[in-house]
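From first to last, the protein sequence lines stand for chains A and B.
In this text, residue positions in the first sequence follow this note's numbering: the first is 7, and each later residue adds one.
In this text, residue positions in the second sequence follow this note's numbering: the first is 4, and each later residue adds one.
There may be inaccurate statements among the hints.
[Stated by the list, open to error] Listed next, the in silico EDC-like pairs over lysine to aspartate or glutamate satisfying Cα-Cα at most 16 Å (straight line):
#1 44(B) x 94(A)
#2 57(B) x 33(B)
#3 44(B) x 21(A)
#4 114(A) x 45(B)
[Stated by the list, open to error] Covered by chain A, per the in silico footprint, the following chain B stretches (three or more residues, Cβ under 8 Å):
#5 31 to 45
#6 89 to 100
#7 103 to 113
[Unchecked claim] Derived CB-CB ranges, DEER-like:
#8 60(B) x 70(A): 32 to 42 Å
#9 61(B) x 66(A): 10 to 20 Å
#10 16(A) x 25(B): 25 to 35 Å
#11 17(A) x 42(B): 14 to 24 Å
#12 60(B) x 62(A): 29 to 39 Å
#13 76(A) x 17(B): 50 to 60 Å
#14 6(B) x 103(A): 33 to 43 Å
Treat the hints as calculated values from the structure; they're not laboratory data.
Ideal placement from N, C-alpha and C gives every residue a C-beta, glycine not left out.
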Amino acid sequence: AQSVTQPDIHITVSEGASLELRCNYSYGATPYLFWYVQSPGQGLQLLLKYFSGDTLVQGIKGFEAEFKRSQSSFNLRKPSVHWSDAAEYFCAVSPSSNYQLIWGAGTKLIIKP
Amino acid sequence: EAGVTQFPSHSVIEKGQTVTLRCDPISGHDNLYWYRRVMGKEIKFLLHFVKESKQDESGMPNNRFLAERTGGTYSTLKVQPAELEDSGVYFCASSSSRGGYTFGSGTRLTVV
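All chains should be built: construct the whole structure from the sequences, respecting the hints.
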C-alpha cells in the first residue's frame with residue numbers, strides 16, 4: 007500500500023540554524039511529491055513540488071527539497087530558519103497531478119530564540 | 004485570483020446534529036477535493052469531484068457523509084448525524100486540469 011512516513015513528530019531548531027525534515031514514501035513508481043506547510047490558524051500552503059527533472063527542487067520561503075529515488079526520500083531543507091518558520095510541515099505524494107494526495111503525519115517545527 | 008474559500012471556519016455541534024460545510028473553489032477549477040484531519044492523525048482523502056461528478060469517493064468514511072457539487076461550482080459536505088469521531092479539520096482543495104492544488108483554510112469541526 008502507498009504510504010508516506012515523516013519520522014519526526016516534533017523538531018526543535020534554534021533560529022538561524024539549518025533544518026532538514028525527513029520524508030520517505032512507499033510507492034510502486036516515482037510519484038509526484040509535495041511539501042506543504044500549515045502555520046497556526048492558516049490553511050495548507052504549497053512549499054514545493056517535484057514531478058520530474060532536476061532532483062533538487064527550489065520552493066518558496068527559501069526551502070528546497072531533494073528527491074532521492076534510491077532512498078525513496080524527499081527531504082526538505084532550509085539553510086537558516088526564521089522564527090516565522092514555526093509551523094507544521096507535511097509531505098505528500100500522488101500518482102499524478104490530478105489525483106488524491108497521500109499524506110505523512112506531519113512534523114511540527116519549533117524555533118528556539 | 005481569489006483562493007479557495009471554506010466556511011464556516013469553526014463549527015461546534017452536539018452529537019446527533021447535522022452540519023454542512025461549504026467550499027468555494029477557485030473559479031474555473033474543475034477538480035475539487037475534500038480531505039480531513041482527525042486529531043493526531045494524518046490528513047486523509049475523502050473524495051474528488053470533477054466538475055459536478057464524483058470521480059472518487061473511496062475515502063468517505065460512511066453514509067453519514069454526503070458531498071455534493073451542484074453545477075460544478077461550490078461543494079458542500081454534510082454530516083448527518085454527527086458523531087464524536089467526526090471531529091477534526093476538513094480541508095478543501097481545487098485544481099485546474101493542469102494540476103496544482105490550492106487549499107482552503109479548513110473548517111475545524113468539533114462534535115461534543
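Does residue 21(A) sit within 16 Å of residue 44(B), going by the straight-line distance between their CA atoms? 28 Å, violated
Outcome of range test on Cβ distance (residue 16(A), residue 25(B); 25 to 35 Å): 33 Å, holds
A range of 14 to 24 Å was offered for this pair. Does it hold for the Cβ distance of residue 17(A) and residue 42(B)? 20 Å, holds
Does the hinted range 50 to 60 Å hold for residue 76(A) and residue 17(B) at CB? 52 Å, holds
8 Å C-beta criterion, at least three residues: is the stretch 103 to 113 of chain B covered by chain A: holds (count 7)
Between residue 61(B) and residue 66(A), does the beta-carbon spacing fit 10 to 20 Å? 31 Å, violated
Honestly, do residue 60(B) and residue 70(A) meet the 32 to 42 Å range at C-beta? 36 Å, holds
Check, residue by residue, whether the stretch 89 to 100 of chain B contains three or more positions whose beta-carbon lies closer than 8 Å to a beta-carbon of chain A, and give the verdict. holds (count 4)
Take the C-beta atom of residue 60(B) and the C-beta atom of residue 62(A), compute their distance, and say whether it sits inside 29 to 39 Å. 37 Å, holds
Hint consistency between residue 44(B) and residue 94(A) [alpha-carbon to alpha-carbon, up to 16 Å]: 13 Å, holds
Next pair to validate is residue 114(A) with residue 45(B); report whether the Cα-Cα distance is within 16 Å. Status holds; Cα separation ~13 Å.
Cβ distance range 33 to 43 Å for residue 6(B) and residue 103(A), holds or violated: 19 Å, violated
The structure shown violates the earlier hints numbered 3, 9 and 14.
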